[in-house]
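All chains should be modelled from the sequences, with the hints used to inform the complete structure.
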Amino acid sequence: MYTTSRRTFALLSVAALSLTACGSDSDSGSDGGGGSDQVLRIAGLMPLTGAVADTYGASMIAGVEYVFDQVNDDGGVEINGEQYQIEFEVFDDQCAAEPSQAAAQKALDEDIEFFLGPICSGAASAVQPTMARSEAFFGLAPTAVAGPTELPNVFRTIPLTSAYTDATVRWLEDNPDISKVAMITDQNHTGLVGEEERLVEEVEGVDREVVAVQQYQTGDTDFRAPVTEAIAAGPDLYMQRAYPAEAAQLLQQTRELGGEMAVMWNAGVTNEEVRSLVPDEAMMENVYQAAPLFSLDAFLADGSELAQEVADGVGDKAGAFTAAGHDLATVVVAGLSNAEEATPDALIEAMTNLEASDLEGKTLNTYNPQDDGLVFKDREVDVLAAVVEWEQGTGWVMSE
Amino acid sequence: MDVFLQQITNALVLGGAYVLVTLGLFLIFSVLDIPNFAHGEMYALGAYLQYLFVVQIGLPFFVALVLAMAGTAVVGVIMERAVFQRLRRVGLFPILISSLALAIILQQVISLIWGTNPVTVPQPVGGVLEIGSIRISAYRLIIVVLVLLTAGAVAWLVYRSGFGKRLRALAENRDLAQLAGVKVGLIGTLTFALGSALAGLAGGLLSAAAPMNPYMGFHPMLVAFVILVVVGSGGRLGAAVIGGFTVAVLETLTAGYISNALRTAVVFAALVVFLILRPEGAVRGVTAERARL
Amino acid sequence: MSPSQLAQRTRGPKVRHEGNSKSAPPSPWAGRWRRGSPLWFRVPLAIAIPVVALLVAPELKNSSLHLYTEIGIWAAVAVSLHLVLGFAGQLSLASGAFLTLGAYIGARATGFWHWPGLLTVAVTAVAALVLALAISVVIFRARGLHFALLTAGISLVAFGVIVNWQSVTGGSGGMSTGGPLSEGGAPGPLTLGPIEIDSAEQYFVAQAVLLSALLLGISILMRRKTGESWKAIREDDVLAASVGVNVPREKQIAFVLSSVLIALIGVFHAHWVGFVSPESYSFAKASFEPVAMIMIGGIGTIFGPVIGAAVVVGLPEMLRDADEASVLIYGILLLLVVMVAPRGFLGLVKSGLALLLSLGSRRRAPADDEGAGPPPEPSESGPSQLAGKTS
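Protein chains in written order, with the numbering used here: chain A, 1 to 400; chain B, 401 to 693; chain C, 694 to 1084.
Mixed in with the good hints there might be a few duds.
A few chain B residues facing chain A, derived, Cβ under 7 Å [as the list claims (entries may be wrong)]:
hint, residue
1, 561
2, 660
3, 661
In silico SDA-like cross-links for lysine to any residue, where the CA-CA straight-line distance does not exceed 20 Å [stated by the list, open to error]:
hint, chain 1, residue 1, chain 2, residue 2
4, A, 106, C, 1012
5, C, 924, B, 494
6, C, 754, C, 740
7, A, 106, C, 836
8, A, 106, C, 751
9, A, 377, A, 394
10, A, 106, C, 1019
11, A, 106, C, 752
12, C, 978, B, 509
No wet-lab data here; the hints were simulated from the structure.
Note that CB positions come from ideal geometry on N, CA and C, so glycine has one too.
In structure tokens, the structure reads:
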């Protein structure tokens, strides 16, 4: 009868569904190296799926894999006389808290002892407990969230958000005509939020007036209300501390509402993103960016040969985080080469004692020597965030 | 005062989107008793179809807009026939759950097809107009005008046309309308199509005003429900229009004068407070299950 | 005729359970099927499961422990929410608010104020109790759509509070149970008196204990008067009121109990993860998914939500490479369930078994109940007993 046949149909569908679930098998997709060399497995906690997978995830992975492929082609990394081929496997963390923990667990279960990532702040904070409980090595970039590097096994190869503030202040000192500053910050960008107070202090420290301090949520698309309020306060500089999509909207709406002042971004928006998100290049007049250089754009504009090589090697997978990925992988490889054995503890020791001269010419960013000429101080680096300016027709160019 | 006027102007386009989405939901709920949580996805779908037709295929903007509306109408009809019609007699609970499920399904389909990165549609008209001390982009002004015209057209359709008469009969009392010869199934489906198309139009228009993402439908849908609940039972279409603009103004003024971070929380807090004070909705003595036009 | 049977007849065609044979006296199995397994079976099961967990834990990989613990926690949430959904019959989307409440109190208490776990649990229970009581006084005047919207609004407002009240909640960045994140703290253990729960294995066993205790407790509760009246309310609350059930009060009790349980699970969840942030307790994850779990697993049953949790949480795991599609798939599953198998997975299993059993016997298979024909004999247990009880 009617109800019975519905039930039967339902039973059959459930059965069919469970069969399909049994069918799929995972493919670890690893790049095995040469036959007789040893293998060093490194796990990447990076997004393969989710909102930022195509931009942040893919570009980061591209930069990392470029370095590892080069190293493997050259015979692998030499640790204490033995050659190791690097096997890099990405465990999808979706840039979110719980998936990243699950991803980390999975990798740990496979006895992987070396990790790159997570790359997003929320994920990094969520994995922090796992980092604390584990002896594995973690290399972070480009998340700037405070906390993980307090742990002895976690190193970070990009500067903290304090560097963004320092860059901004340097630029202000070079531009004395900027007397009033307004700022709006994405509440979901933990790094920028944490830095907000210090930014205000530093700006006031160089005798500028902060006329508006505003916030919004990632995903907002209409900023006209706060922008109107900000314009009414008459600033010479509007700092839009936002991710690329919102930054582009903020700029558009600012110009639309008559705001002609200088605009400064903090997101590491790439040339390509500007072209696709900002409809009219004329709006980019008087727009600056104060951020560490995560992408290849500024390096290419500066004529860096290394950047050109990387760009050629990575092709159209280059994007927002390619330089960050490249440098992270390069620093870790340098550490591995100096390590006494292929264990996390040995790598930690090697990284702690890594000298700035070891990295010369190999990284895109310049790693300034800290105490005793070492790269790391308390597992953080000294890399300048740079201020870049948009040049019509070209893209981002160094402003300092 | 200038800033205040500018803020009101800022609210207009936001209000326009809310108005269209709310009108659509209002029609569907009044006529068919379906609280369609997937309505927000019609808005998102409209935006993405516009992106498909304009950016990916290359059609002229307003041609694409018509196609986007047609597309959402079709999807709406499929939902109505395949799901809601069957569940109509079973109860409210399955309808609520199934519309939530449909919302998720549509959202996921959109993200699987177009990805989750924000994308934009180029504006058909550029430039910024200055009216007194108020600034508004030309395209946004067009949106506001189109929204008002559409609202007017819908009002004409509902209150003055033959179709509208049958629609109102159906909203009033389905069984009586059927007895009186109204083809309730057909009118119902057409109304659902119209409601979905309105949301699709909103999405298509807004696609060129801001970047879109697969989750963009959630907030307008909630706002539409807030208006439905507050104005709802017994209100006329005009009230829905006023409601849409009012919420937009409320959000914008909160964002401008209190705190931008609180803009959405204020709307939901208002909903909660309202429902606590008036659980039945705006008009006492009417159950939560029907609205009248 | 019992109120629930009257409700069934006037409601019209609907997929109902099996006892309504028209031709022969209903078998005593009819009521048995509805009740599920008897108590003397469930009690030892409730003891056996944690013991098995304890024995099995050292053998499992970390990622398996992680998955099973996660399933167990969400199963507990779904089972608790089911008190309102399945028994009081209203679509409550407020679970997010209480989960958040418990999680954040838990994180703050252990990480910043260094309270002993028992104190945290007690304070959370009281806070949830007060909040739920206050809310329950007003929400049940709303019904249907308004109830759903109101509870959704509560969850959304809670989310907004968490994100904006940064000084207390850490905003979008979240908080750790080990103290300020910037100090790199390892997550704090959950200390319940002499028991300290810290490792993945310990959380796994603790979760098994909690879930079993919860399921057993609810099984016992459903067999008592409160449970019976809840079932009657679910069938039709107007009729239940007509036989003397204090409907508003029972709904309130269900809501308050459900909310307190969920808040306590929130404390546990926060400690297990070691870290709380708004995105873990978003509307979709904390308010909507438990509803999906209940529907998919089987509304109206006690174990249904557990199965639903296993499906929803386990789906991305099962799909591996295709896990982008996992949300889509469980959305489709949910839709299918609502349209074709409203009793969920467990309901299908019960129907399947009933079908098999009746095929084997001489009696006719349970026919569909169109409401026509002679009324069924009122011999089922459950609501009919209610008719005979005085309140």
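Tell me the numbers of any earlier hints that the structure contravenes, in ascending order.
1, 6, 7, 9
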